[in-house]
Structures are given as structure tokens and as C-alpha cells.
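Peer 1: Chains as they are written, first to last, in the working numbering: chain A, 1 to 447; chain B, 1 to 447.
Note that these hints are calculated values from the structure, not bench results. These figures come from a predicted structure and were not determined experimentally. Check the hints yourself; a few may be wrong.
Stated by the list, open to error - Below 20 Å or equal to it, Euclidean Cα-Cα: the simulated EDC-like pairs (lysine to aspartate or glutamate) are:
hint : chain 1 : residue 1 : chain 2 : residue 2
1    : B       : K343      : A       : E300
2    : A       : K343      : B       : E116
3    : A       : K270      : A       : E300
4    : B       : K137      : B       : E37
5    : B       : K295      : B       : D391
6    : A       : K270      : A       : E418
2 protein chains.
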Amino acid sequence: MGSDTPQKRSYFEASANFADGSDSPRAFLDRCIAEIEAREGDVQAFEYTNFDAARAAADAATERWQSGNQISPIDGMPVGVKDVMETADMPTGQGSPLFVGTETGRDCAAVVAMREAGAIMVGKTVTTEFAATHPGKTHNPWDLERTPGGSSSGSAAAVGCGMLAAGTGSQVIGSIIRPSGYCGAFGYKPSVGGINRGGSFDGFSQSCTGMIAASLAECWSLTREITSRTGGDAGYVGVTGPMEIPAARKPGRVAMLQTAGWANASDGAKAEWQRARDTMSAAGIDVQDRDSDKKIAAVEDAIANAMELSMTINAWEGRFPLDTYNRDMDASKLSESAHNRLKQAVGMTQDEFAGLLAERDRVRGVYATLNGEFDVCATLSAPGAAPKGLDWTGDPLFTVPTSLVGMPTVTLPVLADEGLPLGLQVIGHTNQDADLFANAGGILELF
Amino acid sequence: MGSDTPQKRSYFEASANFADGSDSPRAFLDRCIAEIEAREGDVQAFEYTNFDAARAAADAATERWQSGNQISPIDGMPVGVKDVMETADMPTGQGSPLFVGTETGRDCAAVVAMREAGAIMVGKTVTTEFAATHPGKTHNPWDLERTPGGSSSGSAAAVGCGMLAAGTGSQVIGSIIRPSGYCGAFGYKPSVGGINRGGSFDGFSQSCTGMIAASLAECWSLTREITSRTGGDAGYVGVTGPMEIPAARKPGRVAMLQTAGWANASDGAKAEWQRARDTMSAAGIDVQDRDSDKKIAAVEDAIANAMELSMTINAWEGRFPLDTYNRDMDASKLSESAHNRLKQAVGMTQDEFAGLLAERDRVRGVYATLNGEFDVCATLSAPGAAPKGLDWTGDPLFTVPTSLVGMPTVTLPVLADEGLPLGLQVIGHTNQDADLFANAGGILELF
Numbered sequence: 001m002g003s004d005t006p007q008k009r010s011y012f013e014a015s016a017n018f019a020d021g022s023d024s025p026r027a028f029l030d031r032c033i034a035e036i037e038a039r040e041g042d043v044q045a046f047e048y049t050n051f052d053a054a055r056a057a058a059d060a061a062t063e064r065w066q067s068g069n070q071i072s073p074i075d076g077m078p079v080g081v082k083d084v085m086e087t088a089d090m091p092t093g094q095g096s097p098l099f100v101g102t103e104t105g106r107d108c109a110a111v112v113a114m115r116e117a118g119a120i121m122v123g124k125t126v127t128t129e130f131a132a133t134h135p136g137k138t139h140n141p142w143d144l145e146r147t148p149g150g151s152s153s154g155s156a157a158a159v160g161c162g163m164l165a166a167g168t169g170s171q172v173i174g175s176i177i178r179p180s181g182y183c184g185a186f187g188y189k190p191s192v193g194g195i196n197r198g199g200s201f202d203g204f205s206q207s208c209t210g211m212i213a214a215s216l217a218e219c220w221s222l223t224r225e226i227t228s229r230t231g232g233d234a235g236y237v238g239v240t241g242p243m244e245i246p247a248a249r250k251p252g253r254v255a256m257l258q259t260a261g262w263a264n265a266s267d268g269a270k271a272e273w274q275r276a277r278d279t280m281s282a283a284g285i286d287v288q289d290r291d292s293d294k295k296i297a298a299v300e301d302a303i304a305n306a307m308e309l310s311m312t313i314n315a316w317e318g319r320f321p322l323d324t325y326n327r328d329m330d331a332s333k334l335s336e337s338a339h340n341r342l343k344q345a346v347g348m349t350q351d352e353f354a355g356l357l358a359e360r361d362r363v364r365g366v367y368a369t370l371n372g373e374f375d376v377c378a379t380l381s382a383p384g385a386a387p388k389g390l391d392w393t394g395d396p397l398f399t400v401p402t403s404l405v406g407m408p409t410v411t412l413p414v415l416a417d418e419g420l421p422l423g424l425q426v427i428g429h430t431n432q433d434a435d436l437f438a439n440a441g442g443i444l445e446l447f
Numbered sequence: 001m002g003s004d005t006p007q008k009r010s011y012f013e014a015s016a017n018f019a020d021g022s023d024s025p026r027a028f029l030d031r032c033i034a035e036i037e038a039r040e041g042d043v044q045a046f047e048y049t050n051f052d053a054a055r056a057a058a059d060a061a062t063e064r065w066q067s068g069n070q071i072s073p074i075d076g077m078p079v080g081v082k083d084v085m086e087t088a089d090m091p092t093g094q095g096s097p098l099f100v101g102t103e104t105g106r107d108c109a110a111v112v113a114m115r116e117a118g119a120i121m122v123g124k125t126v127t128t129e130f131a132a133t134h135p136g137k138t139h140n141p142w143d144l145e146r147t148p149g150g151s152s153s154g155s156a157a158a159v160g161c162g163m164l165a166a167g168t169g170s171q172v173i174g175s176i177i178r179p180s181g182y183c184g185a186f187g188y189k190p191s192v193g194g195i196n197r198g199g200s201f202d203g204f205s206q207s208c209t210g211m212i213a214a215s216l217a218e219c220w221s222l223t224r225e226i227t228s229r230t231g232g233d234a235g236y237v238g239v240t241g242p243m244e245i246p247a248a249r250k251p252g253r254v255a256m257l258q259t260a261g262w263a264n265a266s267d268g269a270k271a272e273w274q275r276a277r278d279t280m281s282a283a284g285i286d287v288q289d290r291d292s293d294k295k296i297a298a299v300e301d302a303i304a305n306a307m308e309l310s311m312t313i314n315a316w317e318g319r320f321p322l323d324t325y326n327r328d329m330d331a332s333k334l335s336e337s338a339h340n341r342l343k344q345a346v347g348m349t350q351d352e353f354a355g356l357l358a359e360r361d362r363v364r365g366v367y368a369t370l371n372g373e374f375d376v377c378a379t380l381s382a383p384g385a386a387p388k389g390l391d392w393t394g395d396p397l398f399t400v401p402t403s404l405v406g407m408p409t410v411t412l413p414v415l416a417d418e419g420l421p422l423g424l425q426v427i428g429h430t431n432q433d434a435d436l437f438a439n440a441g442g443i444l445e446l447f
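Pulled out of the complex, with its shape left as it was, chain A reads as follows (with noise of 0.2 Å):
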């Protein structure tokens, strides 16, 4: 199997057959374990992985369903969790050699609350270094000599190819929707806030935990049976709806973006960005761009700006804790990027970051014009195919404005470009995730 053409592993598909036993969460687990031992010496998604843990708890999970007593519709789903976020059975290395094997003892929030509706955390996945630039060891599944994208790398690579049915992920410019669209699985990235990022180490005020998986409807579930029991970041709510994926909703009006990414997408990119609108106006969608309508210009301005702007923020923020690491432990073991931010933070004063906060505020204000008018938004997940080699993650202009805003976002795996998987982003109102949901999925039915 680890030489066919990727497949994303569905566990709400095989779900549907245990409970008359054809099927079981363990069955489901030992699938996952084959395609991680016939794929992982060349894809190398992984981190640490704790397979006697995982088959343990799918045992468990098989006898509940088989009985009708399974605790949630995510019970015995193997997952596997970004290595920023804590677990207490696995080290958490941040994709750094300062932290190779840093046992902290406790999972972050996201994963006690996944643990508890049923899930099985079967592993840890490569990060770049701290979840920022520094690319992490992992490769394309659909081609091998590609960036699986980054910096949630191995979640999208391992749910790409099914070794996994979900990932966790993380993003603050680009690092849940790039991966996810290059390796062929949904991504989703909820709204600021959306969930609880306690034990993740992800301090950046645009950062959000989200989730990369085999379907929209496993994204979803993933996220409510977390927000359900621990909510969003301290002093969110948190993402709210219904327990169950939304109905799909063939959306009314759809703003297509192009954003920065324009200017770098290839021909083949372009052509289905025409492709994905054909395709919802012919379905009957109202369908609007930056030429035809103000308020979308308005927007596309801007969030011209928009990468430069979050990697000012980001900067400034994370100058702790690069700070300490610089100066506490082994700086040479800090990436290049690394010291490039930090030093960009030092250089950097309270009053420009001040300028920087209000400017965000203003994009964000600009965005929210288009609540009301259009359902959701839609571009790429990317300008192209991953590019080749794996020392550069790809470029994150059509991911970094939502992080920016901080509305939702989804990625459908629906296009292509150079026979390789490429996302359409499906991009909602801040707050308003289910929502997002329901028209993504009626979208998805288009393709």
C-alpha cells in the first residue's frame, strides 16, 4: 500500500460497520499502523509514536462500540497531535534539538478533552521549529521530493495519505490550510480563539489550534467534542454549534479572492481558481470578485499588506521565549530563522507594535463588511502545487489574511496543479464556524 497513490482513511466511514463488528476501531487502528510501517521510512511524519498505548485503547474503544456504548462519535479515532502540544504519554519537541525528548507529563487541553470523548492520540507529528519557518524532516506523500507544506508537516502528510484519520495542527500564518492542500486532506482553522490552546506551545495572538482530517465532518466533530468540554483560549468561548456536522448549504454569494498570492500562482493554479467559480456559478451561486464589487476590492486591499503585517506581530511577540533560549541554553542550536526574529524583535519598540495592533484591527474591520453580503469567501490554498525540495515550506500569501482576520477557514482537497493536490479555501465570518461549515459542505457537493 505504501506505493499507491495517497488515500485519506475516512474513521466516520468505517464507523458506520462497527457496530455489527464487520469493522472495529481496532481494525481501523491496525490499517493506520500498516500504511505508517509501509510509508514512514520515506515520509517520516512522525516524531514519536506509542503503538502499544494506541492498540490498548482502540481494545477498549472496539468493546464500547460493540455494545452500543461508545462515548462519542470520535471514540477509537486515531489522531495525531502537532509536537507543540503536550502529551503526557510522548515528548514534546517544539521541532527543535533543544527540546529532543522533553517529557513534560501532561497533555495540553485539546488532547485531554480528545481523550476523553474517545480518541486515540496514536502519535506525535513533525512540526517545523516551533511551529514557525525551520522545516521539520517530513516529505510529501504524493511526491516524495516535495514539502508536505508546513508547519503543521506531519499531521498533513500522515492524514494525507491515511496513516491517520486526523491531525492536530496549528496556525498563525499559513500552517493548518497550506499542508492540508498540499497533501491532499481537508484543513480547517477556526476562528481566533476557537479552541483552547492551554499546553500548546503557541503564545501568538493570531495562533490557533485546528485540525487537519479525512473529512470536513471529522474537522468538525474533532473541534466540538474539544470545545464542547474546555471551550477556546481563556477568555473565548470558544467554537460553538452543533455536536454533529451541520447540513450542507449550497451558498447564496461567494466573494472570490485572490489576495497577494496572485501575483506568485502558477497557470495551472489560476486556471482552477477559474475552474472552482465556474463551477459554483454555474451551480447557481452568486458569484463576485474584487472587480465587480466594492467592498471585496476594499478587502483585497487590505489584506495586501497582510503577510508582512502578521510576521511584524509575530515577531514581536515571540521574542519570548527566543529570548531566553538564546541566552539560557544552547544558541546554536537555534535556527537561522530563529535568530533573524529574534533580532528583528529586539530592533522593534512597544509604539510600532501598538501601530501594528491598530492596523490589524482596521483590516479586520474591512473584512467585516463582507458579513451580511457574501456567506463565505473562497480562494486557494496555495499560488501551486508544493514546490520541490524540502527546505522551504511553500508560500502562505493565500493563508496568512485569515490568520490575520482571524475568521474561519476550511480547505476542500477538490483542485489540482501539476497532477498534485491543490485546496480550495473555503473562508467564513469571525464567530460563525458552524456556518462556515454548512456552506463549505455545499460546496464540496459541487466537486
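Keeping the supplied structure of chain A fixed, place chain B upon it in accordance with the hints.
Peer 2: Here is chain B on its own, set in the frame of chain A:
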């Protein structure tokens, strides 16, 4: 000296004599260490100390001051770090038997910044368990049979008796202002988000890092030396204003608050509240209260339930990490109060939490109506002197409103009850911390 009446030890008073060599950071530190050695057996303010490193740092600061090259006004200042804040050279125990001796290898953001400004981290000061309810070992230096207050017990006790010039604290209910008041120290809780909490085990949405010091000026300078380097919490600018304390300015109008604490206030404390009021009135300040002003009455009504509201918000937000400690560590090492908070959290729903946040927002809106009407509010730091016994850190009803509402507050050690210290709390408007200090300085001059 250990048996004398406790005296605060101001670094800023001493530093006037550093240039001519008649005093020095090293000599100041030696006086602090002598005080610690005399009193620590009784007071027990520290979990760890690092005198050798402190002396070396003080010698370096001495050289800088003598050559006029001091980094900042706090260069060489001996500071204690509340033991929920990470330090690279000392363990971080969080007041819990689960974390005795835990080394994280890094400094929290505030400590990084203070060290960069030249301040000296002398030791880790005792906190209640997880900066919450269960008391630590510290005694009140004014009466060893009484509580120092909590949760920033060690910092308040150490500063109150001159073991240190300053200590850090954190407050989510009353954990800076209450112990500062009980121990005769100045205390400052900033506007919510005011000081970067990166690397502090303190994830509550209404919690703040703050300062306990021998003077208002030291509270202010420490804060600005931190925030000018590393700002506030992620997404917050942090405390802004001049680098040195704003000039004292007698306020024009002051709102006297009773809070829900009035019902528990001792006769002595009530008399002190009245004395404070009369002193301000006699100085020509227009002082109003709930009986004379409808907006104040509305605020008193809005904050009447601050304690229950705050405790319930904190319970939900504190589910993590208590849940994983309870499940993955030795649950018998969690206090009864921690178990009770976790039980409360597990029994709550996300919808209930949403209702609590909405109510908090409503209360914040009511308090905001005082902005432009009153320069500051004033009230007690506690309903009386520190209570006898070490099994309860005292009544937080006078302090919890500022935590809930998020406005900045200071306590001035100018009142007394039972011959023991009691604080006059002066409360400002959110994100106008510099204004608060100007007004508090003006009030201080009246006593």
C-alpha cells in the same frame, strides 16, 4: 534586625548614593540578604534563593553605577520572583508538591526583561498552590501567627519586611493587592493584559502579572522596564507611559467604593475607609459614593457578584491543567480546593461559560461609565488586618472587582487595623495606568 518592626527597603532611595560610592548595589543586596537570614526562619517567604549568582550580578551592577553606566533605574535591584514564573537558574514549583524542584531551563518574559534592565533575581517567592487558594508556608512578618495573604504570599512578605526591594506577583482574584495590603507593601495590578505573561503558569483571562515593591515608583519602573522590552500579553500593547513614574497629581474627583467586602469589614477598617475619605475631602477633592452618585451606585450593583462570577469563570478556564494533573500525575498531591475547582469545571457547560463572559462584559461596560466622571476610585485592600492563622489567605471581596473588570489598581500602605497594615486601594481606568499612578501619587502625599 529580624525582631524589629518590619520596614520596607527602597532601592530607589539607596540608589541616590550609588554614584559617589557611599552606597552600592552590592551593599544594598548584602543588607537584603542579612534581613533574609535574620527573618527567613520565621517568615518563610522563599522556595529557593540564589545568593551566589545574586552577589555576582550585584558586583557587576555596582561597577556600572560607579561608572555612570547603569542600564536602567532598576539596574542592580534585588527582586523576588513568584514561584509560578519560570526562571532559567532556579526551579519553578508552582506551590504544588507535584512540581517541587521542576527545572524548565528558561526565564519567563518578565524575568528576561528585568534581567536585561539589570535587575537581580534573588529567589523564588512562595505562592499558594497554582496561585489559587491552598496556602503556602509563608507567615506575615508583622505577626507571625497571621497569614501574609495570598496568592503572592512570599513576595508581599519579603517586601513588607525589607528582605527585597520588590517582588513579582499575579492576581486573578486578589493575589497582589490583598497580600501587599496585609504586609504593608505597595502593590500594583495592571490593566488586564498589561504585562507579558509568557512563561508564567497563569492562563486565566482576567489574571495579570504585577508588582509588589517598597514604593510606587519602583512598581512603575519595574513594569515599564518590562513592557518597553516585551509588552503585554500576546495581542495586548501592554502598559505604556513615561519610563519614570508620572508626577503626582491630586485627583479632582474620587469615587469611594464599598464593594461586597463592606459587609465583612471590621469596625476599624470602616473607620479607616472614612478617614481616607475625610483626608481626601479635606484636601479639596470631590469625593462621592453610592449614596450621592447614581453611576457609582450602578457600579456597586454591577460588582456585587464579582466574586462568584470570577470564581466560576476561573473554574472553567482552570479545567486545564487540573484535569491532566488529576489523571496523569499523583492526584493525591492536589489540594482539596483544586479537586473542588476541577469538579466544578467538569460540571459546567460551554454555554454557561458564554453567559459568564457576557455578564463580565456587561459589568465592564458599567464600570466604564465612570471614565471621565471620576479620576479614580478608592476603597480598602481588605476588610481588616490579616486574619490569624495560616490556613486561609484572607477575604478577597475588596480586590476581586478590579480583577473582574480588568482595570488597573494600586494599594498604598497608609491605613491600619488592629495595629497592623491595611492598604488604601486606588483604582484607575482600563489602559490608563500612567494616569492611575499620577493620581495615586497625589493621594499618597495626603497621608
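Peer 1: Determine for every hint whether it applies to the structure shown.
Peer 2: Hint check:
Proximity of K343 (chain B) to E300 (chain A) is assessed by CA-CA distance (about 48 Å); at most 20 Å being required, the pair is judged violated. With a C-alpha separation of about 15 Å, the suggested pair K343 (chain A) and E116 (chain B) falls inside the 20 Å cut-off, and the hint holds. Proposed proximity of K270 (chain A) and E300 (chain A) is supported: the alpha carbons are some 17 Å apart, at most 20 Å. Our distance criterion of 20 Å between C-alpha atoms is met by K137 (chain B) and E37 (chain B), whose separation comes to about 17 Å.
Under the criterion of a C-alpha separation no larger than 20 Å, the hint pairing K295 (chain B) with D391 (chain B) is inconsistent with the structure, at around 38 Å. Restraint check: the Cα-Cα separation between K270 (chain A) and E418 (chain A) comes to about 12 Å, which is no more than 20 Å; the hinted pair holds.
The structure does not agree with the numbered hints 1 and 5 stated previously, though it agrees with the rest.
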